[in-house]
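Student: Chains A and B, in that order, are what the protein sequence lines are.
Heads up: the first sequence is residues 1 to 288, going by UniProt numbering.
Heads up: the second sequence is residues 1 to 310, going by UniProt numbering.
By construction, these hints were calculated from the structure, which means they are not laboratory data.
Note that the coordinates shown come from a computational prediction; the quantities given were computed from them, not determined experimentally.
Some clues are possibly wrong.
Computed Cβ-Cβ distance ranges for the label pairs, DEER-style [to be verified]:
(1) B:Leu33 with A:Leu80: 32 to 38 Å
(2) B:Val212 with A:Val33: 35 to 41 Å
(3) B:Gln116 with A:Met112: 39 to 45 Å
(4) A:Gly188 with B:Val40: 28 to 34 Å
(5) B:Phe233 with A:Val33: 22 to 28 Å
For each residue, glycine too, the CB sits at the ideal point set by N, CA and C.
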Amino acid sequence: MSAASETALGLKESTTPAGRLVKLVIHALVLVVFAGPLLALLVSAFNHVSDPTQLSVVPSSPTLDNFTVAVDQGVLKYLLNSFFVVGFGLLLQVVVSTLASYALARKKFPFMTLVFVAILATLMLPEEILAIPLSLILSDLPLLHINLIGTLAGMIVPLGAWAFSILVMTEFMKDVPRELEEAARIDGAGEFRIFAQIILPMCRPALGVIGVFGFTMIWDQYLLPMLVASDSSTYTLPLALRTLRIDPIVTPGVVMAASLLALLPSVIVFLFFQRSFVHGLSSGALKG
Amino acid sequence: MTVTQLKPVDTGSPDPTPPRFSGRGGRWWVPWLFLAPALVLFLYFKFVPMGSALVMSFQNVQPFLGNQWVGGDNYAKVIASDGFQQAAWHTVLLALCQTAGSMLLGLILALLMEGQSHRLSFIRSAAFLPVVVPMAVVAELWRIMYHPTGDGMLNSLIGLVGLGPSGFINDPHTSMASVIVTGIWRGAPYDMMIFLAGLAGVNRDLYEAATVDGASRARRLLHVTLPGLRSVFSILFILAAIRGLRVFTEVFLLTNGGPNGSTEVVMTLITKLGLEQNRLGVASAGAVLLFLATLLLTVVVSILRRRERE
Chain A
1 MSAASETALG LKESTTPAGR LVKLVIHALV LVVFAGPLLA LLVSAFNHVS
51 DPTQLSVVPS SPTLDNFTVA VDQGVLKYLL NSFFVVGFGL LLQVVVSTLA
101 SYALARKKFP FMTLVFVAIL ATLMLPEEIL AIPLSLILSD LPLLHINLIG
151 TLAGMIVPLG AWAFSILVMT EFMKDVPREL EEAARIDGAG EFRIFAQIIL
201 PMCRPALGVI GVFGFTMIWD QYLLPMLVAS DSSTYTLPLA LRTLRIDPIV
251 TPGVVMAASL LALLPSVIVF LFFQRSFVHG LSSGALKG
Chain B
1 MTVTQLKPVD TGSPDPTPPR FSGRGGRWWV PWLFLAPALV LFLYFKFVPM
51 GSALVMSFQN VQPFLGNQWV GGDNYAKVIA SDGFQQAAWH TVLLALCQTA
101 GSMLLGLILA LLMEGQSHRL SFIRSAAFLP VVVPMAVVAE LWRIMYHPTG
151 DGMLNSLIGL VGLGPSGFIN DPHTSMASVI VTGIWRGAPY DMMIFLAGLA
201 GVNRDLYEAA TVDGASRARR LLHVTLPGLR SVFSILFILA AIRGLRVFTE
251 VFLLTNGGPN GSTEVVMTLI TKLGLEQNRL GVASAGAVLL FLATLLLTVV
301 VSILRRRERE
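Please put together the full structure from these sequences, using the hints given.
Tutor: Now the structure itself:
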C-alpha cells in the first residue's frame, strides 16, 4: 500500500464483485444527479416536444425545429450580443488588470498599500448590491455626462474593474525574477516594453486563470445586463431566455435549444482550460 | 520580495553615479500611468456607486424634484417593514441551508470521488458541469423539471416511490426548499472541487501513522482528514455565505419571490423597490444593510480563523 495514492476513505480497488457493484452504483448516481439534467436539456433541444411540461430523456422524434424557431426569435442576435460583451469585456478586464498589477507588483510608490487595499476591498462588494446605483451612474456618467443605458458598452465598461484578476496577477508578477527586468533595462528597453515583452510572457499561467474565470463570470452575469439593457435589441442570451419562456407560442424545446447555445461557450471554455480553472479555483480559494 | 531586498547586494559596486531610472525603476509617475485605467474604472464603477448608495440611503430620492435629506428614515422604514424582515429571514435561511447542504454534499462527493483513475476524473468533470452552466440556464432547466403536474419530470421521478405530485416552486410550502435544492445542485460540485484540493494537501504520513496505530477508517476520517480540512471549511463557508446573502438570479428566474412572497429575498425585494416602485432611497438603505451584513460576516469569520491559527 503506497501512501501517496492513499485516499481519505482508503477505498482501494475493490476485489469483491459486491464492492465493485456498490462503487458502480455510486458513480452512476452521481452522474445521473449532476449530469442527468443537462443531458435532458441536450436531448430536449433536439427533440420534438409535444407535451409542454416535459423534458425528454430519450430522443423520440429528433428534429432541428427548436433551433429554427429559436433563430426566428432572434437568438442569434442575442448570442452575438453575448459574444460582443464577453469579448470586449474580457479584453478590457485583462488589459486593465495586468497594467495595474505591473505597477502593484513591480514598483514601489507612495500610497501603494492604500491603492492595493482599496482595490481588494471591492472583492467584498458584491455587484448585486451595487447594481442599482451603478445603473444610475451608467445613465449619466459623472463629469462625462454620457448615457450608456441601452448600449452594450454599458455592460462592457464596468467589467474593467475586477479585483480578482488584479489580485491573481499581482501575486504572480511578484515572483518573476528581477534579473530579467534589469537585463532588459540595461539594453535600453522602455517601461512598456518591459511590461509587454518581459513580464507578461512569464505570466501565461496566471493569464489563463484570469481569462477563464473572467469569461465564466461575464458569461454568467445577469443583473447588470438586465439593468443596462433597455429593450431586446441589447439583450444578452441569458437575459433572452426568460423572454422566450414567457412567450406563449414558444415551447420548452425552443427554450432548451436557446439554453444549449447559452451554456455551450462556458462549458467549452471549461473543458479546454480545465487545468487553469481547477488550479485557479483551489489556489484562489485556499489562499484566502 | 526577497529579490528586492537582495538587490543592493547584487549591484554592490561602489560606483556612485545614479542609474538612469531611480532605484525602483522609472520616474514617479510611471506606476500611476499603469494604474490609471484601473483607478478610473474602480472609481466610476465601484467607489462612486458605493458612495452614492450610501448617500441615497439617507435621502428621499426624487429624480426631477431634487433629493431631500431624511436622516435615518429610510433605514427605519426598511427595518420596520414586514416585507424586509421576511425577506431578510428568507435570505438567511436560503444562504444557510444552501451553504450547509452544498458543503455536506460536496464533502461526501469529494471523499467518494477522490482518486486517480480515469473513470473518477471523468465523473468529477461531468459532476462539475453545473458550476459552469450560466445560472439563467440552470433556472430555466429546473423550472421545467419542477413542473407542478404529475407528469412533470421530477414529479414522475418522486411518483416512482409513491410521493407527490408536489407543486415545487409553485407551492408556498415547498417553494423555498425547491430553490435551495437547485442552489445545492449547482453549489455542491464547486465545494467538491475545493475539498478535493484540500484533501490532496492532507499529510499522507498521518494516514499511514493512523493505519499503523490501528485506527479504523471512520476514526481516521474523524481525527486526521476532517481536522486537516478545517481551513477549507471556513473559506468555503465565507464564500458560500456571501454568495448566499446576495442571491438574486436563481430566485428572480425561478419564483421572482413568489408564490405569495414565500421566497422573497433581500435582493429581489430591493430590485422591486428600486426598479418597479422607484423608491431608490429605501432600496439603497436595504442594499447598505445587506452590505453591512456581508462585511460583518467576513470580519467575524476571519477573526475566528486567526484566533484558531494562534
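Student: Hint by hint, say whether it matches the structure.
Tutor: Okay, the hints, checked on the actual structure:
no., hint, verdict
1, B:Leu33 with A:Leu80: 32 to 38 Å, "35 Å, holds"
2, B:Val212 with A:Val33: 35 to 41 Å, "37 Å, holds"
3, B:Gln116 with A:Met112: 39 to 45 Å, "44 Å, holds"
4, A:Gly188 with B:Val40: 28 to 34 Å, "30 Å, holds"
5, B:Phe233 with A:Val33: 22 to 28 Å, "23 Å, holds"
Consistency with the previously given hints is maintained throughout, with no hint failing.
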